[in-house]
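Visitor: Protein chains in written order, with the working numbering: chain A, -3 to 659; chain B, -3 to 659.
Hints were generated in silico from the structure; no laboratory data involved. Treat the numbers as computed from the prediction; the structure is a model and nothing was measured. One thing to keep in mind: the hints can contain errors.
Identical copies look the same in the list; a pair holds intra-copy or inter-copy alike.
[Claimed, not checked] Computed list of lysine-lysine pairs in BS3-like fashion (alpha-carbon distance at most 27 Å, straight line): (1) K519 x K535; (2) K244 x K208; (3) K215 x K204; (4) K204 x K176; (5) K295 x K306; (6) K296 x K230; (7) K194 x K208; (8) K541 x K519.
Protein chains: 2
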Amino acid sequence: MTDAKTAPKATPEQMANAIRVLAMDGVEKAKSGHPGMPMGMADVATVLFSRFLKFDASRPDWADRDRFILSAGHGSMLIYALLHLTGYKGATKEELSNFRQWGSKTAGHPEYGHMPGVEVTTGPLGQGLATSVGFAMAERHLAAKYGDDLVDHRTWVIAGDGCLMEGVSQEAIALAGRYKLNKLHVLWDDNEITIDGKVSLSDTTDQKARFKAAGWAVKAIDGHDMNAIKGAMKWAMRQDKPTLIACKTKIGRGAATMEGSHKTHGAALGAAEIAATRLGLAWDHDPFEMPQTIADAWKKVGRRGAKDRKKWEARLAASAQAADFTRAMKGDLPEAAFDALNAKITELVETQPAQATRQSSGAALDELFAAIPELVGGSADLTGSNNTFVKGTPILDAPTYEGRYVNWGIREFGMAAAMNGLALHGGVIPYGGTFMVFSDYSRPAIRLGALMGVRAIHVLTHDSIGLGEDGPTHQPVEHLAALRAIPNLLVFRPADTIEAMECWQIALQTKTAPSALALSRQKTPAVRTVASTENLSAKGAYEIKAANGDAKATLFGTGTELALALKAAETLEAEGVATRVVSVPSFELFEQQDAAYQASVIGRGTVRVAVEAAIKQGWERFIGEDGAFVGMTGFGASAPAEVLYEKFGITTEAVVAAVKARL
Amino acid sequence: MTDAKTAPKATPEQMANAIRVLAMDGVEKAKSGHPGMPMGMADVATVLFSRFLKFDASRPDWADRDRFILSAGHGSMLIYALLHLTGYKGATKEELSNFRQWGSKTAGHPEYGHMPGVEVTTGPLGQGLATSVGFAMAERHLAAKYGDDLVDHRTWVIAGDGCLMEGVSQEAIALAGRYKLNKLHVLWDDNEITIDGKVSLSDTTDQKARFKAAGWAVKAIDGHDMNAIKGAMKWAMRQDKPTLIACKTKIGRGAATMEGSHKTHGAALGAAEIAATRLGLAWDHDPFEMPQTIADAWKKVGRRGAKDRKKWEARLAASAQAADFTRAMKGDLPEAAFDALNAKITELVETQPAQATRQSSGAALDELFAAIPELVGGSADLTGSNNTFVKGTPILDAPTYEGRYVNWGIREFGMAAAMNGLALHGGVIPYGGTFMVFSDYSRPAIRLGALMGVRAIHVLTHDSIGLGEDGPTHQPVEHLAALRAIPNLLVFRPADTIEAMECWQIALQTKTAPSALALSRQKTPAVRTVASTENLSAKGAYEIKAANGDAKATLFGTGTELALALKAAETLEAEGVATRVVSVPSFELFEQQDAAYQASVIGRGTVRVAVEAAIKQGWERFIGEDGAFVGMTGFGASAPAEVLYEKFGITTEAVVAAVKARL
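Generate the whole structure from the sequences, applying the supplied hints.
Guide: Written as structure tokens, this is what we have:
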């Protein structure tokens, strides 16, 4: 150990080497991980953290901190090393040496919620970058709303070649360019290496020209030249566009013999290489041990922003908006968030119109949008179809950004990823619309949102063959099942306006999970026509019609097909078959109910039939092995909706027949 | 009606107007559809078909025809009108006037297999373009293999702003640029309009610069200037790069008052506008009626390629490769396709090593690759992990293209879409690898492949928490269920090398459906150790171990968890519980078996327990309402695989306990 008192000041190079050594040692200990990227980007990260990034390691929740996003998430040891070195609570030596082990906070890829300072879960390539667009957009929007005094920070992203090859990166950079998100800075680890070898094996894109074409300012530097890095970051902060800094680096920089090789990407370097690398870096310390000078220098970096943070806190305390800002950033809803909605429910329960549930969703938004100012909506170019636009809403756009509706363009994945960013940033509750079939496009971001537990609300209209003529390319049949399969995603399929309003309320109240609302294109009758003070949809499934006498049959339905079930029940009752009907707006919420309630709803011992214009998968949970399912068994077709329902046999008659066959 | 004999020759403008009128009339009749795009691109399409596209309407299956791909599939009336006018069989007046109706061949979006001349199903934006990369790559590869005499054609794509905004377009154009696919020509309908309004609302990308950055040659023209269009197409055919022709057009061109408006995009124009438009275009014919001069001119266009086609047929007949070329284009496998594989199965059944099923898959490919020369493999930059590379295979690359392995780069969606294109072109059977979790990225193309029924084989390795340390971002838990949900997709999860080889054989023999192989990262013991001359996996599920005596319990398992089931059965048998074990390599194939076989496998009346390191959804089919499922209930975690299995309770002990609790 060096004696701290007599030791010279740590150089930036030594500080960067601290990252390199932690990365290679962490991966070596785990015998698994990715040392090449952290070693390659250590210089860039050192300059960013020690000179530019606005943060205070002691207060990772400082609302006006810069956001640092490691889009190349496999290089997780880079962020763990940075958080450890700068003194984030939780980023202990023990955690670093338990990299990739059960129960540690240092997962193989950075996981949001495990360690303070990790702003977003990354690893699925391209998504960190796409999510950062939401962060940067939230910043501009909140700055417009609360003023630069409270909101004035940057979003710094480290992205690799993989991020830039993924298609979602194009959606992201086009959005950032269009919206002139000039406080978004991407540091591209331009190391010319992918897992299979040289980038040129699979890509010859001129990335710099590509970003320029998307409206970015671009600069290329040597990513191991500290002065060049500094100069480029200064330059970036002066631009009126988003900025790309192409950092030419060597993967595994500093590795004795493997520097520059794709072999450093995804595996431990091995004892011999590590020993040689230590020698080359003049690093004679044990794994996870820091010499005092370097430790001190990094700790100082961690405190660098404390003064600014305190000034900001003073400004916040003095601000008339303090309470509202704090509430919004915490994700709490305004007290009266649902007053108008509940009043509307009371008003509508007996008079609600027969309308498409997408219109019902629009009606819910009409009541919610004014009451919850953090709601920011949008659509992937299907505004009129998705009913996502609340009349009179200004568009969120440069240069003022105070609007609350985003034209996302034809970019479902980019939208969903940016929605995650908006939600993670805080102060904004995003919702965004597309056709349900295109949840396949946005699925990777919906999943990541579920894994992180963010409140992003996906408005998925045209939810079945009921969309009609557009045909099977546009008709979801497997999407309800596929969405219900995603853990921690609330999937709602409301049956009428009351249920749609209830589902919206639940989605907004659920701070730790994204929601997907499946909504119809076609008109459907009102089914919830009896007043209830309770949000019945919150139970996931509930008896909407009791049997006349001892139930012989139970019919389950969702969305537009619930009306078919109710009509079938009428027919059956008329023929003397006591039939109850259960509405199932959400499988997930039903699973959260206690066993007794579940049993009471499911009604074993009765003939059970479910109807949903989708595939059966998952419905066995309700109908058991002997129940019947009236729905789809394959892709849809192009024809008017009513014809399709008839041809595919999703009818009241089919439900009735299925019951009778089983009585 | 004009008198054909005295009428002047039809002008190109009149020919284009024929498309316009058919489009607006077809949509009007259906009261649904998209007239704007066909009207806008009618001039471009007219020049393409009448002067450049190599085709013979009487022989839509001519192998060396140019491929025409309408990536902006909503403009389906454009292709239907073209096929009708040029005289494709099946593209009748009746079909056109039954646009978007049940049973018609004129679906809302062009559907592969409905009408000859529709090369690919389009509508989900960006995918037509991405699929075209596969078409163009297949052409280059087959030209290398069979010579320019037999294979020498182009791929022409019409793409809209939506196609270019979708991220997958970036993956596609980067691939085309990298691979110098100079016979790929994209005609961009640069009409500055999207559904929500002007393109500039959501996009300000300089598309021309973007394509150039990806290695394309680019030209911009007035898309209503016939001479300019002609010049640009000539220019395109001379380039040594893929080409973009940016065609500045007016959406709804020719519409009396709505030309240029986004209102022409997705709805019928209405009777008044149509009447006024007829007047403006001097078109005094009934809907779907063609004046003779124009009909004749178009029919002549349809016959334009007949001479070339006949010459080509003569060359084919004279070619020593005729039989092989014809077989490969038909999609038939070589006679001895599976000889080596079957010999290997016989050899390995008693001696197969314990290995990861991804290695088993690699071993299958080792036997198949030489025997089936149309196999073209690849990986989205995970070659070593996916075990997709057969040693010694040359890389498919410019300038010769004769290699059989594609470096797809980090582009799962682009890869899967291009695989569809390779398969649709014919002469090639594509497979491609990625991590199973990233099937979320490629999912839209997997779905479209299933809808079209193409033989594309998705090699999805790292199929569960068994991948270990990479953590929940990389661990599929819902993906088996989500893939099984897609109609007409065969999902396989083989348990050892024998099953892997069997599944590969089925996938290759299935000409009308894509397959997804779920393969493990981690080692798993051999389970199929008794010789069978039958491909048991082809039944989807089969008893792999009979009970000793009357079965009290049935255990179901797949992939790496089948070994747990077998071990649990051993324990149970030792304790006197007669237990059978069922391997379930494919849910879909099991559903195709007769009811008696299904019942015999499922074993109602026994205690039923299934084990799979994934979510339960779908397993109720096998275990009923009272059976147990040992698997996952949420996302995974980052830790070594064996720790995860233990912590998540996916163990032999758990299976045994579940049975005992139910006895």
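Visitor: Hints first: check each against the structure and report whether it holds.
Guide: Verification of the supplied hints:
1. In this homomeric assembly, K519 and K535 come within 27 Å of each other (Cα to Cα) only inside a single copy, at 25 Å, whereas the closest approach across copies is 43 Å.
2. Taking the closest pair of Cα atoms, K244 and K208 come within 27 Å of each other both inside a single copy (18 Å) and across two copies (22 Å).
3. When the C-alpha separation of K215 and K204 is checked against a cutoff of 27 Å, the pair qualifies both within a copy, at 8 Å, and between copies, at 21 Å.
4. In this homomeric assembly, K204 and K176 come within 27 Å of each other (Cα to Cα) both inside a single copy, at 17 Å, and across copies, at 20 Å.
5. In this assembly of identical chains, K295 and K306 lie within 27 Å of each other by CA distance solely inside one copy; the values are 18 Å within and 79 Å between copies.
6. For the identical chains of this complex, K296 and K230 are intra-copy neighbours only, at 21 Å inside a copy versus 65 Å across copies, given an alpha-carbon limit of 27 Å.
7. With identical chains, the CA atoms of K194 and K208 are at most 27 Å apart both within one copy (24 Å) and between copies (22 Å).
8. Proximity of K541 to K519 under the C-alpha cut-off of 27 Å is restricted to the intra-copy arrangement: shortest distance 21 Å within a copy versus 53 Å between copies.
Of the numbered hints stated above, none is contradicted by the structure.
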